[in-house]
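In the order they appear, the protein sequences are chains A and B. Just so you know, we're using this note's numbering here: the first sequence kicks off at 1 and counts up by one. Just so you know, we're using this note's numbering here: the second sequence kicks off at 1 and counts up by one.
Hints were generated in silico from the structure; no laboratory data involved. These numbers come from a predicted model, not from an experiment. Hints should not be assumed to be uniformly reliable.
[Stated by the list, open to error] Okay, the calculated bits of chain A under chain B, using three or more residues with CB under 8 Å as the criterion:
| id | region |
| --- | --- |
| 1 | 226 to 238 |
| 2 | 247 to 254 |
| 3 | 284 to 290 |
| 4 | 295 to 307 |
| 5 | 325 to 333 |
[To be verified] Straight line, CA to CA, 20 Å or less: simulated EDC-like cross-link-like pairs of lysine to aspartate or glutamate:
| id | chain 1 | residue 1 | chain 2 | residue 2 |
| --- | --- | --- | --- | --- |
| 6 | B | K275 | A | E219 |
| 7 | B | K275 | A | E175 |
| 8 | B | K275 | A | D220 |
| 9 | B | K199 | A | D261 |
| 10 | B | K199 | A | E219 |
| 11 | B | K203 | B | E173 |
| 12 | B | K175 | B | E84 |
| 13 | B | K199 | A | E175 |
| 14 | B | K75 | B | D8 |
| 15 | B | K199 | B | D92 |
| 16 | B | K203 | A | E175 |
| 17 | B | K75 | B | E111 |
| 18 | A | K333 | A | E219 |
| 19 | A | K57 | A | D103 |
| 20 | A | K21 | A | E195 |
| 21 | B | K203 | A | D261 |
Note that the Cβ used here is the ideal one computed from N, Cα and C, for glycine as well.
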Amino acid sequence: MSAEMVKQETRQRMAQTDTTKPLVEIKNLKKYFPVTEGIVVQKKVADVKAIDDISFKILKGETLGLVGESGCGKTTTGRCILQLERPTSGQIIYDGTDMDTVDRRELNKLRQRIQVIFQDPYSSLNPRMKIGQIISEPMRVHGIEPDPATRNKRVNELLSVCGLSPKMADRYPHEMSGGQRQRIGIARALSLNPEFIVCDEAVSALDVSIQAQVINLLEDLRDEFDLTYLFIAHDLSVVRHLCHRVAVMYLGKLVEIAECDELFDNPLNPYTQALLGSVPIPDPEIERHREHRVIQGEVPSPMNPPSGCVFHPRCPKAVENCKREIPGLREIKPGHWVACTEVQNLGTQV
Amino acid sequence: MTVLLEIDDLRTQFFTSAGTVKAVDGISYTVDEGETVAIVGESGCGKSVSALSVLRLIPEPPGRIVGGSINFSGKNLLELSDNEIRNVRGRDITMVFQEPMTSLNPVLTIERQLTETIMHHLSASLETARGRAVELLELVGISDAEHRLKQYPHHFSGGMRQRVMIAMALSCEPKLIIADEPTTALDVTIQAQILELMKSLTKRLGVALIVITHNLGVVARYADRVNVMYAGKIVESGSATDIYHRARHPYTLGLLQSVPRLDLPRTERLVPIPKQPPDLTRLDDGCAFRPRCRFATERCQTEIPPLELVEEGHHAACWERDAIVEEERMVS
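Next up, chain A with everything else stripped away, as it sits in the complex (with noise of 0.2 Å):
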């Protein structure tokens, strides 16, 4: 398939989806993490803004891609969707529902089509347990499949689907490579059916010739079962393979969110474009001619970030005053929204 049909894919996706009825929808969401002193009195001496103010939506079918650099928020927005983290303030609503509102029994009922990949898969299965027992664990917490004959037939359904044999189920993760293991992870978040999936790095830990396998087995099931994925990563070339949407995130702030060949083709926050200017690219040819525009100094900690635009003291285009407002996300183009105030005198280069 050429170049111009996948954009052309991409485009017909983002006609199909109903924009007016997100399957997620996150309002103003905020985590701030205390920190304390003292041993036996603690004292909140302040707090970590691992997320702070942000708002997004997630279509239902699509791929949204999430990137920004390590402690800027995107893993704690993913665990806060996944309700692994109570957010400080603002709201997730998933499919019509307040996540926050539910009670219990609700909230299991939810939990069951909302799963998640990790990222390491050595820390995420657990040793002692059979690769059969990984991947029924889900079915048996959430009382599905209780017949056992049925839920072993199912494990190795979702073997077969994820490219592994059946024979595996009676192994342990041990005696597994790397990708076999983000396979079973995969095998694991499909067994309740989920219809919304958060990759957490799905595949940063793995080999380059295993990470192809696996992105390629992402994309099918997601054609297949119809998946919509949050897409969690700081390898930007994976995200525009796999993405619809992307958005970056910095210091807690989304900066920029828009539609995948839009953002990478068209990048408006400096902040973006640095970031893909950081990424080297496979071909000696180009790497020669191309210009190295190295972003200085290193991100501040979001325990006391910088006043007004969080990106002001490593942005070569800032002027006075972004030391002072905060930029807000405004709709740059239809579909393209961007924070920063200096957006209109900015180049689009990178």
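Place chain B on chain A using the hints.
Just chain B now, with coordinates in the frame of chain A:
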């Protein structure tokens, strides 16, 4: 260009209860003075072990260098006594490790760790060593060096620790730095900073560099020459352009095709290399890549292909090189 390091038929094995692991199985390559050579491959292909072997840092037992020679400015490093090799490590050949979090000692100040090498190798006084340490920190772009010297590694971020590691590697004016995945643990913007720093410093100071990495983009940007490793062997070596534009080994081709690229139009499918890498305890007499190779023939099952000259400066170890050339012609 004079040859600085010449590795010939190096073999490093690990003797484990599961069998003998041939981690490095007869590799040969050279590094010229001031040159940047990359070693590329996936986890477990022996790239790190080959580099650790150069400095004789293989834990023994279970590991042992069982054969070959490593010539470095006229000396065979494998024949040196423990004392002699200690004088090479940290002085003529230094290392930058992957994990800046674990490779610095958390209970010693940066000053202590930086000056230790300088005092040992250059027999400098603490005063001189401290002065040199300040210079080095400034060289690698750490501001307020006097103050930073008194701090401990936990005061530094990941990128800053890697800068300290580089300062340490440069401290005794080495001829060769071996960098084992120097930026893998870092974020992309910091990765770009560290790579630019290493490139400009090695160029300015005329230090040769061996970069071990799995990131093909990093290799393309920084390496003069590239060695691709698979299952303990070098399967292809050549200039960066040879490797990226005229790959003559199916594994190299497979690696290049399996990464999505930011500069090319998006495609629908990636082309992964099928199956898993081999178990290094159970290698047979055939080509180790054969089970995953779409070009494999009968000959590949029984004979290990040697690294042969393809064109000036470009070697590949594959019986079916012509088939690859043929396919390339068909595509273009």
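Taking the hints in turn, this is what the structure says about them:
Only when three residues or more bring their CB closer than 8 Å to a CB of chain B does the claim for the region 226 to 238 of chain A stand; here the count is 4, and the claim holds. Coverage of the region 247 to 254 of chain A by chain B is violated [criterion: at least 3 residues with CB-CB distance below 8 Å; count 0]. Under a criterion of three residues with beta carbons nearer than 8 Å to beta carbons of chain B, the stated coverage of the region 284 to 290 of chain A is upheld, 4 such residues being counted. Check on the region 295 to 307 of chain A: 4 of its residues sit with their Cβ under 8 Å from a Cβ of chain B, so the three-residue criterion for coverage holds.
Given as covered by chain B, the region 325 to 333 of chain A fails the check, having 0 residues with a CB less than 8 Å from a CB of that chain where 3 are the minimum. Using a Cα cut-off of 20 Å, the hinted pair K275/B and E219/A holds, with the two alpha carbons roughly 18 Å apart. The hinted pair formed by K275/B and E175/A meets the criterion: a straight-line CA distance of about 16 Å does not exceed 20 Å. A threshold of 20 Å between alpha carbons decides the hint, and for K275/B with D220/A the separation of about 18 Å falls inside it, so the pair holds.
Taking the CA atoms of K199/B and D261/A, the gap is about 32 Å. The hint is violated against a cut of 20 Å. For the given pair, K199/B sits about 38 Å from E219/A by alpha-carbon distance, which is inconsistent with the 20 Å threshold. This hinted pair checks out: K203/B and E173/B have alpha carbons roughly 13 Å apart, not beyond 20 Å. Of the pairs offered as hints, the one joining K175/B and E84/B holds, with about 16 Å between alpha carbons and a cut-off of 20 Å not exceeded.
Restraint check for K199/B and E175/A: the C-alpha separation of about 41 Å exceeds 20 Å, so the hint is violated. Restraint check for K75/B and D8/B: the C-alpha separation of about 13 Å stays at or below 20 Å, so the hint holds. A hinted pair counts as satisfied when its Cα atoms are at most 20 Å apart, and K199/B with D92/B qualifies at roughly 18 Å. Our distance criterion of 20 Å between C-alpha atoms is broken by K203/B and E175/A, whose separation comes to about 45 Å.
The suggested pairing of K75/B with E111/B is violated, with an alpha-carbon distance near 32 Å, which exceeds 20 Å. Distance restraint check for K333/A and E219/A: the Cα-Cα separation of roughly 28 Å exceeds the 20 Å cut-off, and the hinted pair is therefore not satisfied. As the CA atoms of K57/A and D103/A are separated by approximately 23 Å, the hinted pair breaks the 20 Å bound. Taken as a hint, the K21/A and E195/A pair is honoured in the structure, with Cα atoms around 15 Å apart against an allowance of 20 Å.
Distance restraint check for K203/B and D261/A: the Cα-Cα separation of roughly 37 Å exceeds the 20 Å cut-off, and the hinted pair is therefore not satisfied.
Violated hints for the displayed structure, listed by number in ascending order: 2, 5, 9, 10, 13, 16, 17, 18, 19, 21.
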